[in-house]
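**Student:** The listed protein sequences derive, respectively, from chains A and B. Each residue of the first sequence is one higher than the last, beginning at 1 in my numbering. Each residue of the second sequence is one higher than the last, beginning at 253 in my numbering.
To be clear, the hints were calculated from the coordinates, so they are not data collected in a lab. These figures come from a predicted structure and were not determined experimentally. Ideal placement from N, C-alpha and C gives every residue a C-beta, glycine not left out. Heads up, a few of these hints could be off.
What the hints assert, rightly or not - Under the rule of at most 27 Å between Cα atoms (straight-line distance), these lysine-lysine pairs were calculated in the DSSO-like manner:
| no. | chain 1 | residue 1 | chain 2 | residue 2 |
| --- | --- | --- | --- | --- |
| 1 | A | LYS31 | B | LYS483 |
| 2 | A | LYS231 | B | LYS412 |
| 3 | B | LYS483 | A | LYS60 |
| 4 | A | LYS231 | B | LYS483 |
Unchecked claim - Counterexamples of contact, computed for chain B against chain A with all Cβ distances above 10 Å:
| no. | residue |
| --- | --- |
| 5 | ASP272 |
| 6 | LEU297 |
| 7 | GLU310 |
| 8 | PRO446 |
| 9 | ALA467 |
Protein chains: 2
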Amino acid sequence: MLSKNKIKLIQSLNRKKDRDETGLFLVEGNKMVEEAIASGFRIALIACTPDFFAQYPELKHRTEEWIETDSETIRKASLLQNPQDALAIVYQEQHAEPEADLQHELCLALDFIQDPGNLGTILRIADWFGIRSVICSANTVDVYNPKVVQASMGAIFRVKTSYTDMHEFLKSSIENQVPVYGTFLEGKNIYTEPLSRNGILVMGNEGNGISPEIAQLVSHKISIPSFSSGKGSESLNVAVAAAICCSEFRRR
Amino acid sequence: MLSKNKIKLIQSLNRKKDRDETGLFLVEGNKMVEEAIASGFRIALIACTPDFFAQYPELKHRTEEWIETDSETIRKASLLQNPQDALAIVYQEQHAEPEADLQHELCLALDFIQDPGNLGTILRIADWFGIRSVICSANTVDVYNPKVVQASMGAIFRVKTSYTDMHEFLKSSIENQVPVYGTFLEGKNIYTEPLSRNGILVMGNEGNGISPEIAQLVSHKISIPSFSSGKGSESLNVAVAAAICCSEFRRR
Numbered sequence: 001m002l003s004k005n006k007i008k009l010i011q012s013l014n015r016k017k018d019r020d021e022t023g024l025f026l027v028e029g030n031k032m033v034e035e036a037i038a039s040g041f042r043i044a045l046i047a048c049t050p051d052f053f054a055q056y057p058e059l060k061h062r063t064e065e066w067i068e069t070d071s072e073t074i075r076k077a078s079l080l081q082n083p084q085d086a087l088a089i090v091y092q093e094q095h096a097e098p099e100a101d102l103q104h105e106l107c108l109a110l111d112f113i114q115d116p117g118n119l120g121t122i123l124r125i126a127d128w129f130g131i132r133s134v135i136c137s138a139n140t141v142d143v144y145n146p147k148v149v150q151a152s153m154g155a156i157f158r159v160k161t162s163y164t165d166m167h168e169f170l171k172s173s174i175e176n177q178v179p180v181y182g183t184f185l186e187g188k189n190i191y192t193e194p195l196s197r198n199g200i201l202v203m204g205n206e207g208n209g210i211s212p213e214i215a216q217l218v219s220h221k222i223s224i225p226s227f228s229s230g231k232g233s234e235s236l237n238v239a240v241a242a243a244i245c246c247s248e249f250r251r252r
Numbered sequence: 253m254l255s256k257n258k259i260k261l262i263q264s265l266n267r268k269k270d271r272d273e274t275g276l277f278l279v280e281g282n283k284m285v286e287e288a289i290a291s292g293f294r295i296a297l298i299a300c301t302p303d304f305f306a307q308y309p310e311l312k313h314r315t316e317e318w319i320e321t322d323s324e325t326i327r328k329a330s331l332l333q334n335p336q337d338a339l340a341i342v343y344q345e346q347h348a349e350p351e352a353d354l355q356h357e358l359c360l361a362l363d364f365i366q367d368p369g370n371l372g373t374i375l376r377i378a379d380w381f382g383i384r385s386v387i388c389s390a391n392t393v394d395v396y397n398p399k400v401v402q403a404s405m406g407a408i409f410r411v412k413t414s415y416t417d418m419h420e421f422l423k424s425s426i427e428n429q430v431p432v433y434g435t436f437l438e439g440k441n442i443y444t445e446p447l448s449r450n451g452i453l454v455m456g457n458e459g460n461g462i463s464p465e466i467a468q469l470v471s472h473k474i475s476i477p478s479f480s481s482g483k484g485s486e487s488l489n490v491a492v493a494a495a496i497c498c499s500e501f502r503r504r
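Looking at chain A on its own, in the form it has when it is part of the complex:
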């Protein structure tokens, strides 16, 4: 059974403060726990039903502790509306320095993304398009927020993330002749503009776009043209815009 203390620990991982202090994060749902097991991440605890355990007997070699329990107990501990048969407490991987060979690969840089669902979806998009690194500004939502983890659909285990001073990071990249792309309403048409195979693609905040101090470091301003006649939507959701941009960078 899951002790009261374990349940308390699980639920505490909804708070950034507690995640920072423990260096842990929460992974919920059968598919996601399966992804955690298949990943290289160190796992502190897996709690699951006997049925789930029977499906993944190797899980006991992948975790420091495992507990078989019933669905009702998992439901009690869970932060999800529809809990499943397994959850895991996983050690965070710290990537202090952005890990990307920017002379040869494309990475995403996120300037103050606030919504956890958007960040998770962006990780999933990066994973799909073979982008290995996502660099976040210090004020971007915590990648280990449970809602980010769930929305990433497992991409969190594959895409490297790091938090950094975005201004410094872009400045030193520019000095190394790395092209920095960013979307702006007045940018050049992404469908006709030449796009390089390497560099940084900056995505901005949900409400305000790329911040002025970051905008001045963008060497290639691009835009996704609207095809709406007359008064149409003024913007796209940031994850949607990221997807269209990644698709354009990769398709050629």
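Using the hints provided, position chain B relative to the given structure of chain A.
**Tutor:** Okay, now just chain B, sitting in the frame of chain A:
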């Protein structure tokens, strides 16, 4: 002031049954109420602060009833976590028959989209890419669900939506030589496949994709290739996939 009965009516619009019975839906937030005022939709009630009213004095000609009240009362009535200065009760527009000239334009067809955020985001994408009609299967989430309305960021006032028997609709479209596109893992590469300017693009359910009975009516199976090396994400979020497809249809 907003009477208790009005607050009850506002909150009842969170339930499909009550929306169906009254033919009304709820619009919240300054930007969204502004969009409602600018739209052709008939408005039953606007409740707002004196400040909001001062900004849009013409609103009283656009609504059957308007009430100035304080932020606290709006907060009480609101379904949002962060209510603003205005909300509106708006009459639904019923589009019984799909309205699209499929010989000349592209429309989206949604097969059992369940998540309101996804539906709202898809409407916003359609609006951006100048797609006038979104046709929903009968089991797709209600377009007047408040979460759909909010996620659409106003696109709900511009994109025509209708609910229909998807199987019948596609069958008759095929008989009229309308191309029907749909995304499948085994489909042809969307980046190299010729895409027509007119027709129907089917997007499938979040968990299961396009249902088998609809899949057999798809004349052009396409796919968005993954660029992930090794084991990557198995799928993209449906709104993200819709965005990439719409971008591809429009860019040429």
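**Student:** What are the numbers of the hints that this structure violates, sorted from low to high?
**Tutor:** Violated hint (a single one): 4; every other hint is consistent with the structure.
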